[in-house]
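J.: Sequence:
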Amino acid sequence: LYTTKQLDSLSNIAGFADRNWALGQLSFNVDGTRDTNTAIAVTFIGLLFIFFECLPVFVKLMSSRGPYDHAVENIETTQVHLSDKDKEFEVEVADGIHDTRVSTEIEKRKEQIRNKARRDLISEE
Numbered sequence: 004l005y006t007t008k009q010l011d012s013l014s015n016i017a018g019f020a021d022r023n024w025a026l027g028q029l030s031f032n033v034d035g036t037r038d039t040n041t042a043i044a045v046t047f048i049g050l051l052f053i054f055f056e057c058l059p060v061f062v063k064l065m066s067s068r069g070p071y072d073h074a075v076e077n078i079e080t081t082q083v084h085l086s087d088k089d090k091e092f093e094v095e096v097a098d099g100i101h102d103t104r105v106s107t108e109i110e111k112r113k114e115q116i117r118n119k120a121r122r123d124l125i126s127e128e
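Per the numbering used here: the sequence shown = residues 4 to 128.
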């Protein structure tokens with residue numbers, strides 16, 4: 004077995020996995036049989052830690068809505084509304100420039116066809 008000083012030194016370098024393994028080994032006797040009392044205690048301690056980790060969530064779910072909850076909801080509603088308005092703006096701009104883009108492209112292609120026709124006439128002469 005280890006001395007107190009050696010145990011302190013080992014506990015400083017042992018990580019979570021090592022400590023968890025050691026806790027699991029407490030459930031067994033020296034002869035390899037299962038020690039049910041220790042196993043139940045280890046399970047209870049594990050469940051207790053889980054309970055303490057989940058406790059703030061349970062308290063939040065059971066409490067009524069406060070001023071902070073209303074403020075967060077107002078901010079979220081405002082941001083959604085602003086996002087919708089930005090989308091409407093972009094759609095209107097795209098619709099407004101679409102006709103101009105189409106008419107410009109039509110004129111450009113007509114000009115290309117006219118230039119090709121002129122070149123064909125010149126090359127035939």
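Treat the hints loosely; a few may be bogus.
Pairs of lysine to any residue, SDA-like flavour, derived with a Cα cap of 20 Å [stated by the list, open to error]: (1) K111 with V94; (2) K63 with E76; (3) K63 with L51; (4) K88 with N77; (5) K63 with I48; (6) K8 with D21; (7) K111 with R121; (8) K119 with E108; (9) K113 with H101; (10) K113 with A97; (11) K90 with T80; (12) K90 with I109; (13) K88 with T107; (14) K90 with H101; (15) K113 with I125; (16) K119 with T107; (17) K113 with D102; (18) K111 with E95; (19) K8 with A25; (20) K63 with F47; (21) K119 with I109; (22) K88 with E76; (23) K88 with T103; (24) K111 with H101; (25) K63 with V45; (26) K90 with S106; (27) K113 with T103; (28) K88 with G99; (29) K90 with E79.
What follows is a list of derived Cβ distance ranges for each label pair [unchecked claim]: (30) R104 with N77: 32 to 42 Å; (31) D87 with P59: 31 to 41 Å; (32) I43 with D87: 54 to 64 Å.
These aren't lab readings, by the way, just hints derived from the structure by calculation. From a predicted model like this one, the values you see are computed outputs, not experimental measurements. Glycine included, every Cβ here is placed at the ideal spot set by N, Cα and C.
J.: Decide, hint by hint, whether the structure agrees.
T.: Comparing the hints with the structure gives:
Of the supplied pair hints, the one linking K111 and V94 is violated, its CA atoms being roughly 25 Å apart against a limit of 20 Å. Our distance criterion of 20 Å between C-alpha atoms is met by K63 and E76, whose separation comes to about 16 Å. Only pairs whose Cα atoms come within 20 Å are accepted, and K63 paired with L51 is accepted, the gap being roughly 19 Å. Annotation: proposed proximity of K88 to N77 holds, straight-line Cα distance about 16 Å (limit 20 Å).
The hinted pair formed by K63 and I48 fails the criterion: a straight-line CA distance of about 24 Å is larger than 20 Å. Distance hint between K8 and D21 is fulfilled; the C-alpha atoms sit about 18 Å from each other, no more than 20 Å. Proximity of K111 to R121 is assessed by CA-CA distance (about 15 Å); at most 20 Å being required, the pair is judged to hold. The suggested pairing of K119 with E108 holds, with an alpha-carbon distance near 16 Å, which does not exceed 20 Å.
A hinted pair counts as satisfied when its Cα atoms are at most 20 Å apart, and K113 with H101 qualifies at roughly 18 Å. Distance restraint check for K113 and A97: the Cα-Cα separation of roughly 24 Å exceeds the 20 Å cut-off, and the hinted pair is therefore not satisfied. Of the pairs offered as hints, the one joining K90 and T80 holds, with about 15 Å between alpha carbons and a cut-off of 20 Å not exceeded. Note on K90 and I109: the hinted pairing is violated, with a Cα-Cα distance of about 28 Å set against a maximum of 20 Å.
Among the hinted pairs, K88 with T107 is inconsistent with the structure: their alpha-carbon atoms are about 29 Å apart, more than 20 Å. Taking the CA atoms of K90 and H101, the gap is near 16 Å; set against the 20 Å cutoff, the hint holds. For the proposed pair K113 and I125, the alpha carbon gap of about 18 Å is at most 20 Å, so the pair holds. Restraint check: the Cα-Cα separation between K119 and T107 comes to about 18 Å, which is no more than 20 Å; the hinted pair holds.
Between K113 and D102 the alpha-carbon distance is near 16 Å, which keeps this suggested pair within the 20 Å criterion. Restraint check for K111 and E95: the C-alpha separation of about 25 Å exceeds 20 Å, so the hint is violated. Note on K8 and A25: the hinted pairing holds, with a Cα-Cα distance of about 18 Å set against a maximum of 20 Å. At roughly 24 Å between alpha-carbon atoms, K63 and F47 are farther apart than 20 Å, so this suggested pair is violated.
Using a Cα cut-off of 20 Å, the hinted pair K119 and I109 holds, with the two alpha carbons roughly 15 Å apart. A distance of roughly 18 Å separates the Cα atoms of K88 and E76; the hinted pair therefore holds under the 20 Å criterion. About 24 Å separates the Cα atoms of K88 and T103, which puts this hinted pair outside 20 Å; it is violated. With a C-alpha separation of about 15 Å, the suggested pair K111 and H101 falls inside the 20 Å cut-off, and the hint holds.
Between K63 and V45, the direct Cα distance comes to roughly 28 Å. Violation of the 20 Å bound is thereby established for this hinted pair. Using a Cα cut-off of 20 Å, the hinted pair K90 and S106 is violated, with the two alpha carbons roughly 25 Å apart. Using a Cα cut-off of 20 Å, the hinted pair K113 and T103 holds, with the two alpha carbons roughly 15 Å apart. The hinted pair formed by K88 and G99 meets the criterion: a straight-line CA distance of about 16 Å does not exceed 20 Å.
Taking the CA atoms of K90 and E79, the gap is about 17 Å. The hint holds against a cut of 20 Å. Between R104 and N77, the C-beta spacing of about 40 Å keeps the proposed range 32 to 42 Å intact. Our hint of 31 to 41 Å for D87 and P59 holds, since their Cβ atoms are close to 34 Å apart. Checked against the hint of 54 to 64 Å, the pair I43 and D87 passes, with Cβ atoms roughly 57 Å apart.
In summary, the structure is inconsistent with hints 1, 5, 10, 12, 13, 18, 20, 23, 25 and 26 from the numbered list given earlier, while agreeing with the others.
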